[in-house]
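Given chain A, work out where chains B, C, D, E and F should sit, using these hints.
Protein chains: 6
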Amino acid sequence: MDRVKTGIKGLDEMLLGGFLLETANLVEGAPGTGKTTLGMQFIYNGITQFNEPGLILTFEEFPQQYYHDAKRFGWDFRGLEQAGKLRVIMTSPEVSKADLERVEGRISSMVHEIGARRILVDSLSHFERLTDDPSDLRSILFSFINSLKREGLTSVLTRESNALIGESDSAEEEAAFVVDSYLMLRYVEIESAIRKALLVLKLRGSDHAKDIRQFAITAAGIEVQSKFEGQEGIMSGSPRRTMAEGFREAFVKRK
Amino acid sequence: MDRVKTGIKGLDEMLLGGFLLETANLVEGAPGTGKTTLGMQFIYNGITQFNEPGLILTFEEFPQQYYHDAKRFGWDFRGLEQAGKLRVIMTSPEVSKADLERVEGRISSMVHEIGARRILVDSLSHFERLTDDPSDLRSILFSFINSLKREGLTSVLTRESNALIGESDSAEEEAAFVVDSYLMLRYVEIESAIRKALLVLKLRGSDHAKDIRQFAITAAGIEVQSKFEGQEGIMSGSPRRTMAEGFREAFVKRK
Amino acid sequence: MDRVKTGIKGLDEMLLGGFLLETANLVEGAPGTGKTTLGMQFIYNGITQFNEPGLILTFEEFPQQYYHDAKRFGWDFRGLEQAGKLRVIMTSPEVSKADLERVEGRISSMVHEIGARRILVDSLSHFERLTDDPSDLRSILFSFINSLKREGLTSVLTRESNALIGESDSAEEEAAFVVDSYLMLRYVEIESAIRKALLVLKLRGSDHAKDIRQFAITAAGIEVQSKFEGQEGIMSGSPRRTMAEGFREAFVKRK
Amino acid sequence: MDRVKTGIKGLDEMLLGGFLLETANLVEGAPGTGKTTLGMQFIYNGITQFNEPGLILTFEEFPQQYYHDAKRFGWDFRGLEQAGKLRVIMTSPEVSKADLERVEGRISSMVHEIGARRILVDSLSHFERLTDDPSDLRSILFSFINSLKREGLTSVLTRESNALIGESDSAEEEAAFVVDSYLMLRYVEIESAIRKALLVLKLRGSDHAKDIRQFAITAAGIEVQSKFEGQEGIMSGSPRRTMAEGFREAFVKRK
Amino acid sequence: MDRVKTGIKGLDEMLLGGFLLETANLVEGAPGTGKTTLGMQFIYNGITQFNEPGLILTFEEFPQQYYHDAKRFGWDFRGLEQAGKLRVIMTSPEVSKADLERVEGRISSMVHEIGARRILVDSLSHFERLTDDPSDLRSILFSFINSLKREGLTSVLTRESNALIGESDSAEEEAAFVVDSYLMLRYVEIESAIRKALLVLKLRGSDHAKDIRQFAITAAGIEVQSKFEGQEGIMSGSPRRTMAEGFREAFVKRK
Amino acid sequence: MDRVKTGIKGLDEMLLGGFLLETANLVEGAPGTGKTTLGMQFIYNGITQFNEPGLILTFEEFPQQYYHDAKRFGWDFRGLEQAGKLRVIMTSPEVSKADLERVEGRISSMVHEIGARRILVDSLSHFERLTDDPSDLRSILFSFINSLKREGLTSVLTRESNALIGESDSAEEEAAFVVDSYLMLRYVEIESAIRKALLVLKLRGSDHAKDIRQFAITAAGIEVQSKFEGQEGIMSGSPRRTMAEGFREAFVKRK
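Protein chains in written order, with this note's numbering: chain A, 1 to 255; chain B, 1001 to 1255; chain C, 2001 to 2255; chain D, 3001 to 3255; chain E, 4001 to 4255; chain F, 5001 to 5255.
Since the hints were derived computationally from the structure, they do not count as laboratory data. Incorrect hints may have been included.
Residues of chain F placed beyond 12 Å of chain E at every Cβ, according to the derived structure [claimed, not checked]:
no., residue
1, Arg5003
2, Asn5045
3, Glu5060
4, Val5103
5, Ser5108
6, Ile5140
7, Ser5143
8, Gly5237
9, Gly5246
Reference listing, derived: stretches of chain E covered by chain D, where coverage requires no fewer than 3 residues with Cβ under 8 Å from a Cβ of chain D [to be verified]:
no., region
10, 4098-4106
11, 4133-4144
12, 4193-4207
Where is the CB? At the ideal position from N, CA and C, for every residue including glycine.
Next comes chain A alone, as it looks inside the complex (with noise of 0.2 Å):
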């Protein structure tokens, strides 16, 4: 099967590969977790190591700021923007979304005119306040990620957390039923330090990583590490050690 590789050391790993090609990828985690950052790495990494041009579509952040974020990782923008080979685009979920359903749109001029296989939405939250109809939600974002892969893109899609420290109780989970895959980062208190969590939860037409990784965000941006051990509840952002950990740390570690 036709891999769309992160580039990401690790999150690769787990998606078996990398993403599936022309399909929408939901990245959803509290405010700081690095959507936004695993992102732009997978655009950076799209133009830089697979000659995958993309395109950034923001409904908030001024361009800047995305040039501004992604140089302190060393990727540098507005070079790419400059060479063809990105395009930031600020817009509205409304516009982007008309846009988009017209035969020769903004966007898909874009896409033809620097060749765009990849994108990112950042984030697909606020389609949120298009309706308060969860129906109509669901109808609006099945067909806006349709009209993505009409154009032949692949998307990571950000979606902000209800939730600032583990699970939300009640979340509005209409976005995670029409997306292919599902990315969660949470924060998880571990060792009284806060600590970042990766799930892949589901990877449409693929097998994946199960396990609950831990990641932090570097210097060169995020770096998927090892498997949390020895604790339960992770998802919850507030896990226990379990009893044989517990009991290894009291009577093994410690003497």
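Relative to chain A, chains B, C, D, E and F alone:
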């Protein structure tokens, strides 16, 4: 009693042979748990193993998506359609409901045309947008399900769970009361990884396995595996190892 | 005190002989826990063991469904109807309420016609759609229940639980206050399997067993079994083994 | 201080002698916990042991129900009515409220007629349907309770708990602030059985027992028993054995 | 810094000397925890120990109730009123708010008349019925509290807690932000009994004791006692003994 | 990268040097946790240690309150105002928002007048009353924050937490997504006392300390202390000692 075998190893065993003839069987779960795969496998096995043609009623995805997803498991849905053994119909809850109430509607025609004995309805959740009133919803579901039974069909009806991991706190369970069996698919966090659990909660008119089984989506479809062991609170999504298991792990396994 | 035996072994024992004469007895539980089966068994045993004819009032299922479900347990409901010992009436809450308020209504006629002493009302939940106001609902239920008592009937009233597994967080318990006894049927997860628990929460005017019993639906109907042992928090649906039990299992059983 | 003895062994002891004279005493609990029984016992003992005639104000049940229920405990309410020591009045919150505000209302007349010193109001929950506004409700309850005090009555006011087992999460506790004492009756699951717990949460103007006592409804009425031991979280309804108790049970009792 | 001593042993110590001069001090708790007693004691000690006359502003109870309740602790409020050291004013939030905004209102007059330095407002919760809007409420409370400060008063403001035992899940905490100190009174279940806990959560402009203290209402009023020991989760109302405490109790105490 | 030091020992270290230049930094916590103190310290240290004049924008408290509170820590705010290094402006969210949108508004003038580089906005919560719509709120906050950045200011924005102790269940976290860093101040119950915890949840464009630190408000202001140790679930407000810690305490410390 007449059994309609799913042909899914392990599942038929849990159902003591299969679903009951001309019953409505709910398969409920979060996105990515494999509801649709289970339903497609039920249809595919029906046609290829038991010579029972089948219908797929879809309210969101295009037929192509089913062909594509089925292909991954080596199921040639296009071929089966051409052989007159399968029909994938994209419609809406409103239309399909009205259609089934007519004497010779489109669905009824197709049932007769291919001699369908099985149907996958994907998903029942879309009926929820027809009304805000739980009583109305229940009445709609009840009459829809009875229409399927009148056509002589044994159905798998998928339904989307409100919670991602574990049980929802405040589920609207109108559907649960009008179906004949209720299968739950759940994400469960065990040993720092997400596994999938399957439970047969009810099977009207028959005994069934009561244990919570692990299952996986393999290259050949759903594969029901062994029972979970040494865990408490599995259906919460965030189980704990039992004390006995903790001791065993700490003093026996680790040594 | 006059007791109306259910004829269900174990249950009559928990009730110290049976329900009290001309009382309303609520049986509440999630789908598939066996509420209707318990009610049918109450009616069937009434007719065949105690020579007390019975009525079944249904607001959703057709009489055929009861004949069919009863047959599984070897209960010949059609035969009993023909013998003038049983009537299965499909109606609505509105109609049955109005009917019972009339001097010589249909239900009353049937009571007299077959000399009915017992009634199964399946289910009380359907009354909830008559009003959104808890006070009104309570008043409606109260007058309905009194009508049944005036007819000299001892009733089993089923009610659907809001939660699938364990207790609901915010139950509307208007019904609980107007009935004479309250039986809870619950799904409980123990040792990685789902069992069924039965609890007599109240029995107006009599003592009763206070322990939480396991029960099963066998080929002969409901069978109340032994008390749960070594578990804490059973009614939560997700109990934990007690520490003593954990030690015993770890060091005694396992060795 | 003047004490109004309930005559219920164990309870008077918890109250350091009884309720205080001319106070309003709330007894709150789930259905079947014994609120009304406690109230009837308060009235019955008042008449027979302390020569204090009493009234029962009921908003739902007919007087006959009280005669009937009382009889079970050997309390001859009919006889007491005939002897002019007891009045059971069925009315509504609206009427009783208006009545008590008039100079010489029906309730007031009855108080004088039989020289009543005690009253059972069953239940205060019915006042909640008079208004949706918590401030209004509180004001209504406050004035109703003061009317009772002006008549020189010591009252037991029952109130229905929102939760069946354990505490409700979001209680409307307007009543709690306007009464002089607050007794909680709760179902508690201990050792796989449901027991009943009684707690005196407050007793305005006096000290009181602070421990959580077990109680039962025996053939002679409410019987307050010993304190619960070795449990944590009793008022949650789902307590856990303490660790010390767990060890004792595992290594001492079992051996 | 100028301290306004409560004269309550243990509490002044927790406050490192007392409240701060001309500040607003919130005392929040469930019914029966002793909020009003603490406030009356603050007023009584002010008059008798520190020669600071005081006012009591009540929105629900009649002055007689305060005289009566105070008497229990041996505090002669009537005498103090006659001596011109105390005024108990029954009013409404609306009136007292308007009154304090006038140049020479009734409350202001009384402050001057008796030279009041302290005030008990019982309770702040009644202001909540003036508006449904949290911002409005906050603005009302803020201006009311400032009026008290302008009069040179140090105030104790009682507030009713939403939860009976432990913390409320969703508190409206507008009051918490506009006051200078926040004292919490809580019911806590420990060793199968209900104890009372006191916590100084904040004290603007000063350090304070951070530990959770047990307290009792004795014949002499509030008495702050020692810190709770060996418990986790006290403020939840349902604490657990710590593991160390459990071991100690199991193997040291019991032997 | 340019860092704006807070001058708060421990905090700058957690931030790997300080906030980033011209960023918006959210400090969120319950009443009394020290949000405003942290903000005042940021302003005071800016002026006195780094020669960066500062503004304080207040929506509720009068400037006098800040002078007064600052004095407690030995910070002479009045003196700094007279020296033209500080401005404390009392305004409303509406006015300050409109003001910042004008070319030469009052805030802008003051920034230029004193050469302000830092601003404390106390508190952002007041913006929430401008709209009920989360999208609108977010848009308002976003444009307000951008106005501050355009003025070249590095800001500390306080925000009030919904929960007193631990995390709120259903936070409206619009603010969290539009700021550059997020500091949480929390009350935590440990060893029967309430301590304060500080966590840097995110710091856009930089790494930061991930551990949960204890802090205190001393006579010199906020003092960040050591990491919490041996506790699980700190951010819940009600942590548990880890098993290893429990054993250590039981068998090592106690002996």
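(request) Quick one: which hint numbers does this structure break? Sort them smallest to largest. (result) 3, 8, 9, 10 and 11
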